[in-house]
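Colleague: All chains, please: the whole structure from these sequences, using the hints.
Chains as they are written, first to last, in my numbering: chain A, 1 to 513; chain B, 514 to 1026.
These are calculated hints, taken from the structure and not from any lab test.
Quick caveat: nothing in here was measured; it's all calculated off a predicted structure.
Ideal placement from N, C-alpha and C gives every residue a C-beta, glycine not left out.
Do not rely on the hints blindly, as some may be mistaken.
A few chain A residues facing chain B, derived, Cβ under 7 Å [unchecked claim]: (1) L80; (2) H100; (3) H104; (4) S287.
Number of protein chains: 2
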Amino acid sequence: MNGAECLLRTLLAQGIDLCVMNPGTSEMQFVAALDRVPEMRGVLCLFEGVCSGAADGYARMLDRPAAALFHLGPGLGNGLANLHNARKAHSPVVAIVGEHTTGHLLYDAPLTADIPAFAEPVSGYIETVQCPEDMCEAATRVVRAAFGPPGQVATLIVPADHSWSPAGDSVQPPDGAKPVRKRPDSARISEARRILQSGPRAGLLIDGSAGREHGLDAAGRIAAATGARVFTNRFAARTERGEGLFAPTRIPYFPEPAEEALAGLEHLILVESKPPVSFFGYPGRRSVLAPEGCNLFELASEAEDGAAALEELADGLPPIAPTPVARPELPSGAPLTLEAIGRTIGALLPDGAIISDEMISSAESVWPWLAAPRHSVLAVTGGAIGVGLPLATGAALACPDRKVVALQADGSAMYTIQALWTMARERLDVVTVVLANRSYRILEIEMKRTGGGGGGERSRQMMSIGAPDLDFVKLGEAQGVASTRAATADEFVAQFREAMKERGPRLIEAVLE
Amino acid sequence: MNGAECLLRTLLAQGIDLCVMNPGTSEMQFVAALDRVPEMRGVLCLFEGVCSGAADGYARMLDRPAAALFHLGPGLGNGLANLHNARKAHSPVVAIVGEHTTGHLLYDAPLTADIPAFAEPVSGYIETVQCPEDMCEAATRVVRAAFGPPGQVATLIVPADHSWSPAGDSVQPPDGAKPVRKRPDSARISEARRILQSGPRAGLLIDGSAGREHGLDAAGRIAAATGARVFTNRFAARTERGEGLFAPTRIPYFPEPAEEALAGLEHLILVESKPPVSFFGYPGRRSVLAPEGCNLFELASEAEDGAAALEELADGLPPIAPTPVARPELPSGAPLTLEAIGRTIGALLPDGAIISDEMISSAESVWPWLAAPRHSVLAVTGGAIGVGLPLATGAALACPDRKVVALQADGSAMYTIQALWTMARERLDVVTVVLANRSYRILEIEMKRTGGGGGGERSRQMMSIGAPDLDFVKLGEAQGVASTRAATADEFVAQFREAMKERGPRLIEAVLE
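Modeller: Okay, here's the thing in structure tokens:
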């Protein structure tokens, strides 16, 4: 078999059976090998940022990597923003980048670029295939690197001639050793236990695997038994929420309410979490969100098994019954508000749904209404906007039996609007709700916060995306996604209800006043 | 004044009065300063790849940089593919990247990333502002670096606190020294003169400034007097073409016809050009396009004044009268073919137009028909697709009195389709013709060339962008651009004729069978 087929078979042997791709000439052998390796699913995206964000969403749902195929340095460049989000999410991603033939690299052809340099800002591991016979081992190393722990972006650079040259007859099977997250040692468990005696002056900040069901359950029992407060990251890679689950306090976006939430803490136990800091620095404000003098104690690093540590701490504590949350009443009337959107989704979202949250400035008004249905939330971990629709794409590829709802600000939707086409082509069960406020609303707020002044017409124009207004119904229809517009609560309720009953891609442009 | 205002005023003092931007929180002071520095035009783009490609197009037309503003590492990441094209075009571009406050960089906030690493693959010069008082000098250094020669991408990284802190009361004026391209020395002129005695066994490959009017004129006179053959780069940053201009032979994209074009050469004189190589490497083919044993002689490097060298060589030679080319007959009938599109444009394009050529596989069938009208052509210098619409945007910002026509393949249009919105907002006089063949047609060709095989349904799907078909009329209308569809030659003629008579953005989806 040639190198490309060897690469596909090596990925498969390592459990990777999805490749999201935007190929070019140097990746033709890889594409051709799809015909010979039907177990590998190829999914075409019209822009590389969709590939990288979809690979991230897939990994967040399944805890294993997809492959994402890019065309030389510039193709990878288009994927970098969402690979930055994947890096911050600790998502395992295998990025495969086609390169010129080794002979062609002697010349400065138009597409010649320093691919390792393109990969550097986002990759935890980078390897270039040195010869066709090296393909299998190199790919194996890259997949292992992607798993971490913690998960990371691992990049394999594949010269075109190594793809078309013979690479042997067999694929070396992986050795079966699964990546294992280390459990924190007993000294740290003991210290956490000591800290938790401080009751509400102690907090737990849980993230990563500690924010999933088992970690949440243990944290809930610890909180009930000790009075300690439990917090989660506003921008966690994946949050589990809703019926039957303990509900920690999510640390707000802006530093003032975030500091308020954390006020009074003398100890903060970090469980697979970094110390909490504000998103941006502001004039005259600290970046650190925990109170001054608060003791930060790392129970489990981001590479370790925080859920196991929490379960050890909760060992013997009685189960808790989280307070049931009622679904909100459906709204009606006009104009369409964020509260009405939140109420509608909270009322109608099926249990087991996945929400991709790129609501930006609209998030705080919608989020509280979604507490009842059991669902998973994927957030913008790295602040690189344009990840919402790709995340939804990847989540739907990972979990075809779960409804995916992309709650999407209008400004950020435009960075990777091409994701709608892949949703249509693959008939993914994704309902996109575009929150159309016709502005970079968050910037209007941040302009005031950073003391920029502004207020003039010229600065205002750089934050308004009206004039002309974007028509998301046409943007959806142009790419094969059935699309409607809702300007009142009643319209939104009717359209969202219908979308929840159907399968397949839908878009609702929710026009906000 | 604060650092941001100082930065704007420094850019202005250096002659930069346009900033294409996609700002975020860390750039709010820069945006606010637009209200106080009205001489600086701010143009908002909905995606950073539009900013970078527009800055490139602007520079190619005016030979001076625009500023392009990006939001931290991921924002710059989204601009990299088109900055790669700018790098290969030797376009001067001033990339300004907002960074977290210096204090905030102590923490690993979501958007924290290694911005110099993001800038590295495309930048010839990178500087981070060290303190507010340093703003003016740092910006001055970056602008000078952008000019080269040759032109390059120069990146200025600006921490947010340096933007909002006082930066003194005055802006240091630039010293007025203009960047000068060195003239090649007399030894090289003499050697070129000696080589040109070989007649048709000698060739001139002209690019960069040597491909503009003066260089073309001199090359034409040299060719007439010596019999030497003159060639240009298929992917030149800017080509001048049409009535009254000498027309060199453009080296074709594929290596077989390219080698044929260059066959018989014993000497090739490079004038602001690299040695010609094929775009990709292919199995069993050389990368070098000149015949084996052909002597390559560099008359002028890409940093030198090749036009002056040609004029010196042509000194005393009589003027030539290029053979007049008749405009083609208008086509009629159905279906709509590339020839019909080429004939229509060749017949109706006004003299003085600018063509952004991202036709990819359609180019060879359209190009020959455009020989009559006098126009400038901007090409995909670095092979990073998705530059066509941004280049057209930048060219229209640079030359508001010239008609811009974007000849745009459908697949590549989707990488930066957001450019249409900026065309609509700024009412740019750009007519976009989408050549809709519903596939990555070039890849179907390259699949055969690289011996990939393919031919199966699964590989074919990765090169087809039909199912669902993209509706470019809706994509245009969704972003405020008046859009129509042409499926016959008569429809295309009528729509293109109307578009040439009007001013302002238009889109025609030319549906190819």
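Colleague: Quick check on the hint: H100 of chain A CB to chain B CB, less than 7 Å?
Modeller: 6 Å, holds
Colleague: Does the nearest C-beta of chain B fall within a distance shorter than 7 Å of the C-beta of S287 of chain A?
Modeller: 5 Å, holds
Colleague: Using the nearest Cβ pair, does L80 of chain A come within less than 7 Å of chain B?
Modeller: 4 Å, holds
Colleague: Against chain B, run the beta carbon of H104 of chain A and see if the smallest gap drops under 7 Å.
Modeller: 3 Å, holds
Hint check: no violations occur; every hint is consistent with the structure.
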